[in-house]
Amino acid sequence: MRIALPLALGVTLGLLASVPAFAADTKRLAPKDVEFEFEGPFGTYDRGALQRGFQVYKEVCSACHGLDHVAFHNMSEEGGPGFSEAQAKAIASGYRIPAEPNDKGEIMDDKGTRLTRAGIMADYFPSPFPNEQAARASNGGALPPDLSMIVKAREGEAQYVYSILTGFHMTPPGGFKVTEGKYYNPYFEGWNISMPPPLTDKGVTYSDGTAATIDQQAHDVTTFLAWAADPHMEDRKRMGFGVLAFLVVLSGILFAAYRKVWKDAH
Amino acid sequence: MSGPSTYNPKSGFEKWIDARLPLPRLMHDTMQTFPTPRNLNIWYTFGGILTFCLMVQIVTGIVLAMHYVANAGLAFDSVEKIMRDVNYGWLMRFVHANGASMFFLAVYIHMFRGLYYGSYKAPREMIWILGVLIYLLMMATAFFGYVLPWGQMSFWGATVITNLFSAIPVVGGHIATWLWGDFAVGDATLNRFFSLHYLLPFIIAGVVGLHIWALHVPGNNNPLGIDVNSPQDTVPFHPYYTVKDAFYLCLFVILFAGFVFYAPDFFGNPDNYQPANPLVTPPDIVPEWYLLPFYAMLRSVPDKLMGVIVMGGAIVTLFLIPWLDTSPVRSCRFRPLMKQFFWGLVVVCVVLGYCGAQSVDAVKFGIPMVWVARIASLYYYGFFWVIMPLVGWFETPKPLPASIAQSVLGDSAAAAAE
Numbered sequence: 001m002r003i004a005l006p007l008a009l010g011v012t013l014g015l016l017a018s019v020p021a022f023a024a025d026t027k028r029l030a031p032k033d034v035e036f037e038f039e040g041p042f043g044t045y046d047r048g049a050l051q052r053g054f055q056v057y058k059e060v061c062s063a064c065h066g067l068d069h070v071a072f073h074n075m076s077e078e079g080g081p082g083f084s085e086a087q088a089k090a091i092a093s094g095y096r097i098p099a100e101p102n103d104k105g106e107i108m109d110d111k112g113t114r115l116t117r118a119g120i121m122a123d124y125f126p127s128p129f130p131n132e133q134a135a136r137a138s139n140g141g142a143l144p145p146d147l148s149m150i151v152k153a154r155e156g157e158a159q160y161v162y163s164i165l166t167g168f169h170m171t172p173p174g175g176f177k178v179t180e181g182k183y184y185n186p187y188f189e190g191w192n193i194s195m196p197p198p199l200t201d202k203g204v205t206y207s208d209g210t211a212a213t214i215d216q217q218a219h220d221v222t223t224f225l226a227w228a229a230d231p232h233m234e235d236r237k238r239m240g241f242g243v244l245a246f247l248v249v250l251s252g253i254l255f256a257a258y259r260k261v262w263k264d265a266h
Numbered sequence: 001m002s003g004p005s006t007y008n009p010k011s012g013f014e015k016w017i018d019a020r021l022p023l024p025r026l027m028h029d030t031m032q033t034f035p036t037p038r039n040l041n042i043w044y045t046f047g048g049i050l051t052f053c054l055m056v057q058i059v060t061g062i063v064l065a066m067h068y069v070a071n072a073g074l075a076f077d078s079v080e081k082i083m084r085d086v087n088y089g090w091l092m093r094f095v096h097a098n099g100a101s102m103f104f105l106a107v108y109i110h111m112f113r114g115l116y117y118g119s120y121k122a123p124r125e126m127i128w129i130l131g132v133l134i135y136l137l138m139m140a141t142a143f144f145g146y147v148l149p150w151g152q153m154s155f156w157g158a159t160v161i162t163n164l165f166s167a168i169p170v171v172g173g174h175i176a177t178w179l180w181g182d183f184a185v186g187d188a189t190l191n192r193f194f195s196l197h198y199l200l201p202f203i204i205a206g207v208v209g210l211h212i213w214a215l216h217v218p219g220n221n222n223p224l225g226i227d228v229n230s231p232q233d234t235v236p237f238h239p240y241y242t243v244k245d246a247f248y249l250c251l252f253v254i255l256f257a258g259f260v261f262y263a264p265d266f267f268g269n270p271d272n273y274q275p276a277n278p279l280v281t282p283p284d285i286v287p288e289w290y291l292l293p294f295y296a297m298l299r300s301v302p303d304k305l306m307g308v309i310v311m312g313g314a315i316v317t318l319f320l321i322p323w324l325d326t327s328p329v330r331s332c333r334f335r336p337l338m339k340q341f342f343w344g345l346v347v348v349c350v351v352l353g354y355c356g357a358q359s360v361d362a363v364k365f366g367i368p369m370v371w372v373a374r375i376a377s378l379y380y381y382g383f384f385w386v387i388m389p390l391v392g393w394f395e396t397p398k399p400l401p402a403s404i405a406q407s408v409l410g411d412s413a414a415a416a417a418e
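One line per chain: the protein sequences are A and B, in this order. Under the working numbering, think of the first position of the first sequence as 1, with each following residue one higher. Under the working numbering, think of the first position of the second sequence as 1, with each following residue one higher.
Read the hints as simulated data drawn from the structure, not as lab findings. Check before you lean on any hint, since a few could be wrong.
[As the list claims (entries may be wrong)] Ranges of calculated distance between the beta carbons of each label pair, as one might list FRET restraints: (1) B:N71 <-> A:N102: 45 to 55 Å; (2) A:D235 <-> B:V59: 12 to 22 Å; (3) B:L136 <-> A:D235: 31 to 41 Å; (4) A:G203 <-> B:R192: 20 to 30 Å; (5) B:W178 <-> A:A63: 23 to 33 Å; (6) B:L26 <-> A:G252: 31 to 41 Å; (7) B:L26 <-> A:E37: 51 to 61 Å.
All residues carry an ideal CB built from backbone N, CA and C; glycine is no exception.
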């Protein structure tokens with residue numbers, strides 16, 4: 001934080017006059033108008049999509065993107081992907097977690113490799129890189145964002161994430177030069193994205209027989225990430241219905257009382 | 001109008017208490033028999049709604065503070081922990097975050113109501129001044145609260161707002177450093193903002209007490225803006241206004257719950273779901289919606305110090321309204337000219353809010369928004385400093401009704417009641 005002192009000051013002083021430096025013609029396109037099962041006041045997450053989406057995250061995204069705020073025990077919790085407790089434990093034990101110091105106080109083995117242990121339910125998804133610098137070094141200087149809140153942290157939410165994932169393989173308009181080492185994606189601000197096209201047709205094999213098109217994978221992993229960002233959504237909507245029903249009845253009663261009390265007063 | 005107490009202790013216990021701490025007497029006189037004009041409309045229910053909002057914010061805030069960690073390295077994660085792991089933590093946080101917006105929505109309606117019906121005029125100047133003070137404290141509290149999740153918008157909002165103080169000549173830089181407790185917004189800033197965010201609501205509650213006390217001296221103004229002059233003009237607060245306030249409060253809570261359960265991030269900014277990063281400035285730093293009109297005024301002035309003065313002056317002006325309005329008539333119902341200027345002010349405030357949400361160089365419908373903000377700011381100032389005094393002198397008000405009772409019940413009923 002301290003390295004930023006002069007910068008923070010300088011940047012803010014110039015704020016009144018500052019303007020985003022992007023040329024207007026590389027402004028990101030509006031996200032695709034796709035619909036998800038979890039939208040609307042009664043929408044719930046599609047369990048199949050959540051489980052397939054987890055598979056896409058695990059086999060594709062997790063190579064570069066963390067999921068810091070999601071714990072393995074969340075995978076079997078109500079309103080989530082609907083894995084059984086045994087399945088969630090199996091998912092956890094499939095991950096290697098940096099080990100706590102052993103009884104000699106060591107966290108490295110003799111060869112200097114970091115000791116690890118199998119994941120347990122209380123663990124969170126491990127980060128793909130040990131630190132930000134390592135992440136940048138592996139990604140041409142760009143930092144792959146953590147995906148726990150990606151759906152909430154972007155304007156356009158789920159539609160934005162879906163559009164980014166399906167927005168590759170398009171021909172840039174004449175005159176637009178894709179920056180060296182970057183990829184063209186018009187749904188991304190500035191159109192140059194550091195992420196290579198992550199999804200390929202049949203890039204994953206779904207065990208439930210769903211055809212793994214790019215669109216299908218994008219839909220599934222977006223659903224999974226929407227749940228990761230908002231794990232209590234179903235509970236919230238359910239409670240909201242009860243609360244609103246109660247309030248409507250209560251206001252009916254109060255209205256009747258109000259009319260009765262004021263009958264002769266105006 | 002508050003008049004002599006009508007409390008009549010019945011049991012021996014009530015008498016014993018009354019002779020030592022007459023709290024039941026106070027409650028009886030202020031919340032039960034208090035004579036209230038019989039013609040108060042829906043816009044007068046927002047005082048009760050605001051009290052409810054303050055209580056909701058304090059209760060949810062205390063629970064959140066049990067789980068929140070005021071540390072620049074841990075704050076963001078602790079808020080996510082509240083959202084994910086704390087039982088009903090998501091509910092507490094969404095009620096608190098949306099509660100702030102609902103609080104401001106209610107306070108703006110309450111203030112415009114006061115303006116329209118001339119509730120700030122003698123003998124109610126003190127009620128108005130205390131009200132503006134509450135509003136100012138609310139803005140400070142909301143600002144401190146918005147910083148606490150330590151997301152991108154929290155951090156950069158705090159940086160922009162605290163930097164405004166550095167515009168003060170000579171000592172500005174020192175003041176900013178003093179506010180930060182460091183040489184930039186950082187851990188020390190977050191800690192003191194948390195401390196102040198916890199303190200100010202209780203000060204607000206205290207000033208609300210004074211606001212209500214001051215209200216109970218002259219009693220409520222009313223949509224006719226004329227004085228109460230007979231018992232027929234009033235009804236006892238309970239049950240007439242308890243039931244009316246309860247009904248409209250319930251409708252308000254339906255709106256509130258709609259946001260909490262079905263659009264909890266409606267008033268939020270996606271950038272605040274990204275942890276604070278002093279090295280990455282968001283493309284647009286936008287305050288919460290309720291501060292946007294002032295933000296628009298600030299940005300409409302090219303000079304930073306002048307911008308700060310214009311913005312601060314907009315709030316200082318509110319304190320002076322009781323003496324800027326020269327009209328002897330309170331209610332805009334009888335002020336045909338003022339009524340139009342009043343609605344102009346409402347529109348201008350909404351326009352300023354819209355401008356505040358745009359980037360500085362935004363051009364909408366071929367018009368640079370900064371110029372719209374300038375003209376709107378000019379109207380805001382003009383309304384209070386020019387229009388209010390002048391219209392009061394030149395306007396011919398419509399004839400006022402003889403009494404509240406006559407206006408509500410009609411001539412014969414009012415006569416029969418007497």
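Going through the hints against the structure:
1. B:N71 <-> A:N102: 45 to 55 Å: violated (30 Å)
2. A:D235 <-> B:V59: 12 to 22 Å: holds (21 Å)
3. B:L136 <-> A:D235: 31 to 41 Å: Between L136 of chain B and D235 of chain A, where Cβ atoms are some 38 Å apart, the hint holds.
4. A:G203 <-> B:R192: 20 to 30 Å: violated (51 Å)
5. B:W178 <-> A:A63: 23 to 33 Å: violated (48 Å)
6. B:L26 <-> A:G252: 31 to 41 Å: holds (33 Å)
7. B:L26 <-> A:E37: 51 to 61 Å: Distance hint for L26 of chain B, E37 of chain A holds at roughly 56 Å.
Violated hints, in rising order: 1, 4, 5; the structure is consistent with all others.
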